[in-house]
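In the numbering used here, the protein residues as written are 19 to 284.
Rather than coming from a laboratory, the hints here were simulated on the basis of the structure. From a predicted model like this one, the values you see are computed outputs, not experimental measurements. Just to be clear, a hint being listed does not mean it is correct.
Stated by the list, open to error - The calculated label-pair distances, taken between Cβ atoms and stated as ranges, are:
{"no.": "1", "residue 1": "Arg124", "residue 2": "Glu31", "range": "36 to 42 angstroms"}
{"no.": "2", "residue 1": "Arg124", "residue 2": "Ile148", "range": "28 to 34 angstroms"}
{"no.": "3", "residue 1": "Ala270", "residue 2": "Gln184", "range": "36 to 42 angstroms"}
{"no.": "4", "residue 1": "Ala136", "residue 2": "Glu60", "range": "23 to 29 angstroms"}
{"no.": "5", "residue 1": "Ser157", "residue 2": "Ala277", "range": "36 to 42 angstroms"}
{"no.": "6", "residue 1": "Leu76", "residue 2": "Ala241", "range": "43 to 49 angstroms"}
{"no.": "7", "residue 1": "Gln87", "residue 2": "Asp176", "range": "36 to 42 angstroms"}
Note that beta-carbon positions come from the ideal geometry of N, C-alpha and C, so glycine has one too.
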Amino acid sequence: MSRLSEVLSSTREQNRAALVAYLPVGFPSLDRSLEAMRAVVEAGADVVEVGLPYSDPLMDGPVIQHAAQVALAGGVRVAHVFEAVRTVVEAGAACVTMSYWNPILRYGPERFAADLAAAGGSGIITPDLIPEEAGDWLSAAQEHDLDPIFLVAPSSTDARLAMTVQHCRGFVYVASTMGVTGARAQVGSGAADLIERTRAVTDLPLCVGLGVSTGEQAAQVAAYADGVIVGSALVATLKDDEPDSGCEQLRALTAELAAGVRGGRE
19 MSRLSEVLSS
29 TREQNRAALV
39 AYLPVGFPSL
49 DRSLEAMRAV
59 VEAGADVVEV
69 GLPYSDPLMD
79 GPVIQHAAQV
89 ALAGGVRVAH
99 VFEAVRTVVE
109 AGAACVTMSY
119 WNPILRYGPE
129 RFAADLAAAG
139 GSGIITPDLI
149 PEEAGDWLSA
159 AQEHDLDPIF
169 LVAPSSTDAR
179 LAMTVQHCRG
189 FVYVASTMGV
199 TGARAQVGSG
209 AADLIERTRA
219 VTDLPLCVGL
229 GVSTGEQAAQ
239 VAAYADGVIV
249 GSALVATLKD
259 DEPDSGCEQL
269 RALTAELAAG
279 VRGGRE
């Protein structure tokens, strides 16, 4: 059982959802991104999703796109992801990586899996890789005991849901909407409907991403999901033009979200 599965089993036993915090490595700088990852763990995140900055981020909205551009301009490379993963694990949380497929393919799936496992990572979310085309990655993940995590979306048919979850370990990433990442004023009903459809075909934990930015929204999603993934709202607290500000805002928002996921079923 991976560290990720241990954490999600523990939160299930506590009858609460987990808080999954997304932060990209290298934004606003490498050192500050590592500081931010330690901060979200200390403030209550159960799992940290380390983003690998990529020049063509298909699923990411403006906030994360900007962060990726700053990180790449600052010289962040694939190897820095493993440094970030070690930082998160040493801070006490489970860690997964979110990466588009091209950087992994360029680095080498086997080499990426080996280095991620050596750093203590539990798995990878691959938003632009579908299970039918993931043979190399599934083999590498199996070899190094990593959790492959694929996405399901409101447009997924029941047959596709069943096929996708068969290739997941750790958790299933449930995309709440058909759009890109970013804070939204309201959490729609689509996520709850998709959770219900996905639960019919798997016992894996189901973590909802896209759109959550407040403790109130986190509580709403935590009422029916096993995990609440928050990215853009956290990244937005880190300002690349204000070198000494942001971490306290990051800690405060993380604590608010952590309280939300812990109170969602009360």
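Evaluated hints:
no.	hint	result
1	Arg124 to Glu31: 36 to 42 angstroms	40 angstroms, holds
2	Arg124 to Ile148: 28 to 34 angstroms	19 angstroms, violated
3	Ala270 to Gln184: 36 to 42 angstroms	40 angstroms, holds
4	Ala136 to Glu60: 23 to 29 angstroms	25 angstroms, holds
5	Ser157 to Ala277: 36 to 42 angstroms	41 angstroms, holds
6	Leu76 to Ala241: 43 to 49 angstroms	30 angstroms, violated
7	Gln87 to Asp176: 36 to 42 angstroms	38 angstroms, holds
Hint compliance for this structure: hints 2 and 6 are broken, all remaining hints hold.
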